[in-house]
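Student: Could you slot chain R onto chain B? The hints should help.
Residue numbers (my numbering), protein chains in the order written: chain B, 116 to 742; chain R, 3 to 306.
Simulated from the structure, these hints should not be mistaken for laboratory data. Keep in mind that this is a model prediction, so the values were computed, not measured. Ideal placement from N, C-alpha and C gives every residue a C-beta, glycine not left out. It is possible that some hints are incorrect.
Unchecked claim - Sample of chain R residues facing chain B (criterion: CB under 10 Å; computed from the structure): (1) 22; (2) 82; (3) 84; (4) 141; (5) 154; (6) 266.
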Amino acid sequence: MVRRRGMAGAAGFAAVGLVVLLAACGPASSSVGGASAGASNGGTTVTYAMSPGGTAAYPFPFMGLNQIGFDSIFNIDDFQYLVYRPLYWFGIGTKPYVNPELSLAYKPTYQGNVVTIKLKKTYKWSNGEPVDAQDVVFWMNMMKAEGENDAYFSPTGLPSDVTNIRTAGKYVMKMDITTPKFSESWFDNNELSQVTPMPMAWDRTAAGPSHCATVVADCKAVFNYLTAQSSKAPSTFPTSPLWSVVDGPWKIQRLTTDGNLTLTYNNSYGGPKVPDHITTFIELPFTSEAAEFNVLQDPTSSQTIDVGYLPTVDALVPPAGSNVGANPRTLSDYQLSALYPWQLTYFPYNYKNTTGQAPIFDQTYFREAFQSLVDEEGVIDGPLHGYGKPVFGPVSGFPATKYISPQVAALGDRWTLSVKRAETLLADNGWSVKPNGTDTCVRAGTGPGHCGAKIPAGTQLKLKLMYATGIDWMQSAARELASNASLAGINLSLIPESFDDVVNAAFGVSPTCTASNCTWQMAWWGTWTYSPDFLPTGDELFEGGAPNNAGDYNNQHNNQLITATLQARTAAQFDSAMYRWQNYLAPQLPVVYEPDYPSLVETIRGLDIGPQNSALTIMPEEWHYLK
Amino acid sequence: MTAYLVRRVLQAVAVVLLVTLIVFGLIRLAPGTAAAAAVGSGSAHQQFLAQYLTWLGHVLSGNLGRSTRQNETVAALLAASLPRTLVLTGASTLIALLVAVPVGLLQAVRRSSPIDHALRVLTYVCYAMPPFVLGSVFILYFAVDKHFFGAEGPQAQDIGGFISDPRDLTLPVLTLALVTVAIFARYMRSSALDSLSQEYVEAARARGGGERRIVVNHVLRNSLVPVVTLLGLSFPQIVGGALVVETLFNIPGMGWQIWQAALNHDFPVTLGFTLVIGVAAALGSLLADVGYAVLDPRVRNSRP
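This is chain R alone, in the form it adopts within the complex:
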């Protein structure tokens, strides 16, 4: 297991370095003085590698540069926006998992039953519904019309205040969660169906195990493996989805910041935030692999 972990960590580091190299290269190729300034002032004649290493040195020392539009360091903008996005995506993903796993499992166990059909239609609707439509409908009904929840996300500057405002946090989290639920539930159903047809399930039934016990002990655990993998790999997509929700619910989170930076040619912010997302994606993938190994002993015991 240790060797497996070390191997995967080294791979993750390599991926992160590759991400930084690609992002830096793309910004260096961008026309204009803003892009040139972002990759290092006065370095127009430096070699690519020298520029890259200089920039990487700054990054490793915590200097991600300075926004050209917001009079703030990229690190300060990250510190302000990243926690919001983490709360938003974390809470929505957790809710999505808590709902999607049992729903997918139920659909698989009750395959082709009316409840399976009904839940399938529901997940398809959620899957097909763009977050801005879902969010707008929620705002119009639950905030503007009924005043059950706030029309915008929490506006507290500190993360404590952000979290402790359930009235304003509900709709953005719900919007993001419902879209994610649909994805996870579809995967869970498919995975559980696959598990149900495995020989070990039939063997368990032949041994006289109860259906509930079989589903919980054999089907659920094995069906979670692809969902965990999906969870790790879907982080960048969730951040992408957060952009829409953040824009609609007035939450200046990471997704919104990187979008604004792209529009305004604020290259230091683009670089810094892309780097963080790249690291998060690599970390997510790493965690997924670790989770995969925990769930499946064959993985952790395998040799390279």
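Next up, chain B with everything else stripped away, as it sits in the complex:
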């Protein structure tokens, strides 16, 4: 399904950062939103620095196409999820798995094609009503009613693949899955992960109460009403009869036009309670990483910040064997940790490119040669200041999960930097290699030792990489790649563009492609973050025709292996199918891999925020100051 949220780039990367920083309690500090300065001594307030360029803004969790601009980590993970709980919560420790303790419902059960969801009876809305099965049906009905206007609509996914959505008791709901063969793991992690129960208080229009929770036909009017109410001035949200009804651990106390958000603890929250948890959570927007870092370093700043982030460019290289390096001298009051989001960093080739390079990208030997020119370790040691992990397959190996194939993990990176290997692969396949010049195809044809189908003699290896500006290390990595490519005779031109421009170009290709949007050859926007589709099956990024398969890589055997993962009913069958798929696809190198990189989280000493969650959800309700 189309998940723009999965793309993190110039802005998104920062967003990924559970960007939090705490200012040392400066004596001159005043506070924002009523927060007490110097809370690190054991207070009940935490101030959290948001990444630059993004803010909380839009409360209604169900988004139509016109609201896609609010589909961001800032607005969803850092805001909506804290007040309106999704049905299933992802993140156990550092792993991106379903957290049964924090989910509103028990693990789904399946009988044939019927899925049964049983809600816990402990969760209540802040107006006293229980979070029950009807609230889930309310959401599902709205999905059905909005159809293609649902920002995450998929013709093959939820809600298209379910029918007969019904309650079967106060706390039990059932749906019939229409797909004959399906994977329970996939349904749990990539389908039900999208559902957020909605309170009956929201089932209304301007004319009064409505019946979307029971009648699909009533839902369009309700959606329009809620969308309009969500577009009112943010300062009205705390007192809105709609948005003040929450089931999450937090309530909106204050939201400004600039995105300054203050949340207060919801005492009626039905989830687990941590003793001495904080009671006020303040999120502060920043105009740039530099601005945030400046405040981080100044303990007398007017805004005290408890959790923030260290820009990679300012990080000190970690010593060998250590996950993090020392903090800069000016941040002695903070503790540094590295958070690796559940992501995959790569950039696609455009296999539908209309400027003549597509046949080159079709050649596996070329892709091997090109990957051999990516110096992932060099990028980690250089522009990433020692932070990062090499990527060498379609599933990231870090954080370590049960999803990665043991075989692929054991083999490791087989395409470490080697200009010699790249030259040999090209020379062995019909190219005249001219280091620091431009390689030329001299043996056209499809046989062994030839350039490959549709590559005429005289074709030169002149390629273009479009990349998103705004992230220093990406720009450095792109320049380094161009330099390495030049050594092997590949003339790689770099085209800097804005994040939006790169994304619009790259994701305009599949499934349709017109001459105007197929001219790009390679496009690097940043990384792909698995949220809220947490399962790294290939159906989103690598299956032919998939909406997020930028560049439209299409390999029949790969497609079959992906289908097998989606049809593997049990967890064991699913794992096995996943491994078979990865074992095949990893050496195919369908995309160009670059290192996964962490967010560097700074936490004020004395504040315990627990393990950093790679699923990008934050749980400030569990944060507390150490006595």
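Tutor: Frame of chain B; chain R shown alone:
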């Protein structure tokens, strides 16, 4: 004078309309649905002029559209960010003028003296120093190291709170002012040198006027004319400079907002803010001309 003012106001209105036409045309040419939505939903088949007039009608009725990223109207974003930028640029420009005028005058009067050389070097340094470098140095020394001032701009949501926070306002204003001082001082020196060589100055000296009186009464007034013109025309550049300072000092002002809107393809914000900057530039030019007329009677008495 009245006829002159009316003429200039009409010219300013024409300029503003031209600005709106150009901005609207450029956004209409931009690819993508976001741009199409910004110039009028469902209007893909409308003629350009009809779309433009519809949009202009909305603008004149105070409807500048709605941000696609910030869940706010453009007017609300303007109301939040414009005062901050005005305070920032206004205060820095005022400080710049208060410093640049006497400095430029002093340099002209003491031409080629050690003090002229020293001030010239200083203004060149400020002129050549990008605001982000100057601002970063200020933050590192005065905020992070010495804690004399805040590391970011005022964070109060209301303009009263913004203004009444001198500790946090000092460094961003100083950064912007120093860059502007250099520009104004260079112009003032050049203009004053020109005035000093005029016959009316020599005549005043021949009449036995004191040097201080000549400088204040004759040189200063005449030298201010090009500086006032520069002041009016430099508003867009000052807003441009404010972008850097706002980004560095965490001030979500106009410059930063328009930059973010451009990056995010938030076309309603781009349109609305560009319109305001265009109006401000035209207004600045108009005020400069009025000031020019006040300072130079030949201008206000001239016929078209």
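Student: For each hint, tell me whether it holds in the structure or not.
Tutor: Each hint, compared with the structure:
no., hint, in the structure
1, 22, "violated, 24 Å"
2, 82, "holds, 5 Å"
3, 84, "violated, 12 Å"
4, 141, "holds, 5 Å"
5, 154, "holds, 5 Å"
6, 266, "holds, 6 Å"
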